[in-house]
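Asker: So you can see what is in the structure, the chains are spelled out below.
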Amino acid sequence: MWQEDFESAPARDDGVETSTISGIPLQPLYTKEDLPRREEELPGRFPYTRGIHPSGYRGRLWTMRQFSGFATAEETNRRYKYLLANGQTGLSVAFDMPTLMGQDSDAPTSRGEVGHCGVAIDSLADMETLFSGIPLGEITTSMTINSPAAILLCMYIAVAEKQGVPAAALGGTLQNDILKEFIAQKEFIFPPAPSMRLVVDSIEYCAKEVPKWNTISISGYHIREAGSTAVQELAFTLADGMAYVDACLERGMHIDDFAPRLSFFFDAHIDFFEEIAKFRAARRIWARYMRERYGAQQERSWKLRFHTQTAGVSLTAQQPELNIARTAIEAMAAVLGGTQSLHTNAMDEVLGLPTDKAARIALRTQQMLAYESGAANTIDPLGGSYFVEALTDEVEREAEAYFRRIDEIGGVIPAIEAGFFQKEIADAAFRYQQELEQKRRLMVGVNEFMVDEDVPIDILRIDPRLESQQAERLREVRRKRDQARCTNALNSLRKAAAGTDNLMPYILESVRAYATEGEIMQSLIDVFGIYTEKAVV
Amino acid sequence: MASTAVRPVRIIVAKVGLDGHDRGVKVVARALRDAGYEVIYTGLRQTPEMVVDAALQEDAQVIGLSIHSGAHMTLFPAVVAELKRRKATDIVVFGGGIIPDDDIATLKKQGVAEIFTPGTPLQDIVGWLRKRFPDGGG
Chain A
1 MWQEDFESAP ARDDGVETST ISGIPLQPLY TKEDLPRREE ELPGRFPYTR GIHPSGYRGR
61 LWTMRQFSGF ATAEETNRRY KYLLANGQTG LSVAFDMPTL MGQDSDAPTS RGEVGHCGVA
121 IDSLADMETL FSGIPLGEIT TSMTINSPAA ILLCMYIAVA EKQGVPAAAL GGTLQNDILK
181 EFIAQKEFIF PPAPSMRLVV DSIEYCAKEV PKWNTISISG YHIREAGSTA VQELAFTLAD
241 GMAYVDACLE RGMHIDDFAP RLSFFFDAHI DFFEEIAKFR AARRIWARYM RERYGAQQER
301 SWKLRFHTQT AGVSLTAQQP ELNIARTAIE AMAAVLGGTQ SLHTNAMDEV LGLPTDKAAR
361 IALRTQQMLA YESGAANTID PLGGSYFVEA LTDEVEREAE AYFRRIDEIG GVIPAIEAGF
421 FQKEIADAAF RYQQELEQKR RLMVGVNEFM VDEDVPIDIL RIDPRLESQQ AERLREVRRK
481 RDQARCTNAL NSLRKAAAGT DNLMPYILES VRAYATEGEI MQSLIDVFGI YTEKAVV
Chain B
538 MASTAVRPVR IIVAKVGLDG HDRGVKVVAR ALRDAGYEVI YTGLRQTPEM VVDAALQEDA
598 QVIGLSIHSG AHMTLFPAVV AELKRRKATD IVVFGGGIIP DDDIATLKKQ GVAEIFTPGT
658 PLQDIVGWLR KRFPDGGG
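First to last, the protein sequences are chains A and B.
The numbers in the working numbering rise by one with no breaks, and the one at position 491 of the first sequence is 491.
The numbers in the working numbering rise by one with no breaks, and the one at position 134 of the second sequence is 671.
Note that these hints are calculated values from the structure, not bench results.
A portion of the hints provided could be inaccurate.
[Stated by the list, open to error] So the derived list for chain B, only partly shown, Cβ under 7 Å to chain A, looks like this:
id : residue
1  : Leu555
2  : Asp556
3  : Gly557
4  : Tyr578
5  : Gly580
6  : Gly607
7  : Ala608
8  : Thr611
9  : Leu612
10 : Pro637
11 : Thr654
12 : Pro655
13 : Gly656
14 : Pro658
[Stated by the list, open to error] Beyond 12 Å from chain A on every Cβ pair, some chain B residues (computed):
id : residue
15 : Lys624
16 : Val629
17 : Phe631
18 : Gly648
19 : Arg667
Note that the Cβ used here is the ideal one computed from N, Cα and C, for glycine as well.
Whenever a hint applies, use it, and build me the whole structure from the sequences.
Answerer: Below, the structure written as structure tokens:
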């Protein structure tokens, strides 16, 4: 009856796709018939589709955690204090490219990069400045760093020691997800095997010494930003998660000793309902695998906790103020998807580093969601929606199909080496770009509704003198430190890297001795070598 | 369409700098290849010296640079300077990435032929190359 009415009614003919942004075909209407038949799902109950906490946001709101860092440790420290004073509830450190790539600021290839897309950290001295006046026992900090993750974590532990805060009291998250670097973001340094060893070393060490620390943030964000679909983001990320679980089990750890501290990080893109379905499916799939495949006994091991960032790629340089609206939609999806923490992008991030004002608007957007919109009042408000439930199931089914393909290739690392993920992502990115060019997808202000005006927008600039100033600080650290202690520490680290010891204590001692990040990385490169990717277009 | 005797324009597409954001460079490389150009993608983390080496070795007429780390004001001019040093200034350099307008003007003065920013239709890049090389493939 309805079907007939629908078909006889005139249809829009603007040529715009009605499938999700990832290409999942959608029906014009969902009804009771589309509801999957299963036992009622509830928040706080396996498989956690409706959320990991029985009280949802009634119990506790998500953490508003704005990713931030630029220029020197001193300037970033000021920005952190500004954000905390404005009601931000956790810190999230963005490091500059040399830091992310394990290089010191005075390395030849650091030229032009120092302090540009994050804060420059070369040694413990910079880290002390970065957190000066911020009590590490009272806040939680997320650090986005991967190949050199163990070093930066040791620096954080060492700063806490100096503040008199024991490692066991520290809370926060280390990204430490090397697999998605090979897959998408490409900030790898060592080959896969020693890279995985370092990840497992840090997970094993933290299980004993820093038990409240989230040892890894298994990330779909970068996979998505590199052009994947929502389903690929979900499937590849969870597959990575299982690869880490396998590696820890191989080390001899017990599943329930490390699984509760694994955390996840997803993108919130602009296709509202698909994103919500993705978050809900993620929890259900992870819970099932942890309980059924890995035999985890503790409920904490079954619960997928995640951070979300709104989609950088959805922002436009054209009419940049529109990005405030986009970010609000995406943030709403994250909240309705039950995120544990959230970063909202600033409107000007597509042009350069965010200004104070743009960063504040981004934070205020979250506060509006939390306190004005009512979105936090009811747990999983879209649970039971014919459409959202059907889409959650569809996303889950498609993710399962990817797990099978990855298994057929032999697992995540063989699939990386075969270029499988890289090609899937590049294909999806190209397909999306073509859809934009053919106007089968619209981006407001980019391929439709353009204006011919220049919107002057303030951009935060990095002082070009910063590079030489940072290099000078670094020279001073090298001059002042106990060189014998430093050399000994690095030699011991090199020796340990050639063996099978957990490397964390050796890295921690090197950090305490003010060895620089570049020196520590070089000691490891001496043993592990470096990885180069075969470029696939 | 140019006569078949004309060799298609050969383009070195390179990621300079430390960042690994290769979505844009890969999409552009594929679009240029589909448009009939010969495209050689160098992969990540190329120094200006490596890029110019590759261009000379491959006898390329064009270098396309991509960067997202904010180091464009150092690295793009460094490629142009290296071309000068190697007496290869006939090679056309263009670039893409998150590059503010003010920087674009400066880079053009320094010898970068064109800069494409996020949201540029692929056809604009192809169109620009066709204008620049009217009888060279594409």
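Asker: Now, for every hint given, state plainly whether the structure supports it.
Answerer: Tested hints:
1. Leu555: It holds, given that the least Cβ distance between B/Leu555 and chain A is near 4 Å, below 7 Å.
2. Asp556: holds (6 Å)
3. Gly557: Holds, because the Cβ-Cβ distance from B/Gly557 to chain A comes to roughly 3 Å (cut-off 7 Å).
4. Tyr578: holds (5 Å)
5. Gly580: Check passed: Cβ of B/Gly580 comes within 4 Å of chain A, closer than 7 Å.
6. Gly607: Holds, because the Cβ-Cβ distance from B/Gly607 to chain A comes to roughly 3 Å (cut-off 7 Å).
7. Ala608: Holds - the Cβ of B/Ala608 comes within 7 Å of chain A, reaching about 3 Å at its closest.
8. Thr611: Status holds, d = 3 Å.
9. Leu612: holds (6 Å)
10. Pro637: For B/Pro637, the interface hint holds, since the closest Cβ of chain A sits about 5 Å away, which is under 7 Å.
11. Thr654: holds (6 Å)
12. Pro655: holds (5 Å)
13. Gly656: Result: holds, 5 Å to nearest chain A Cβ.
14. Pro658: Cβ of B/Pro658 sits 6 Å from chain A, so the hint holds.
15. Lys624: holds (23 Å)
16. Val629: Fine: 20 Å to the nearest Cβ keeps B/Val629 off the interface.
17. Phe631: B/Phe631 is indeed farther than 12 Å from all Cβ atoms of chain A, at 18 Å.
18. Gly648: holds (17 Å)
19. Arg667: For B/Arg667, whose nearest Cβ neighbour in chain A is about 16 Å away, the distance exceeds 12 Å, so it holds.
When held up to the earlier numbered hints, the structure conflicts with none and fits them all.
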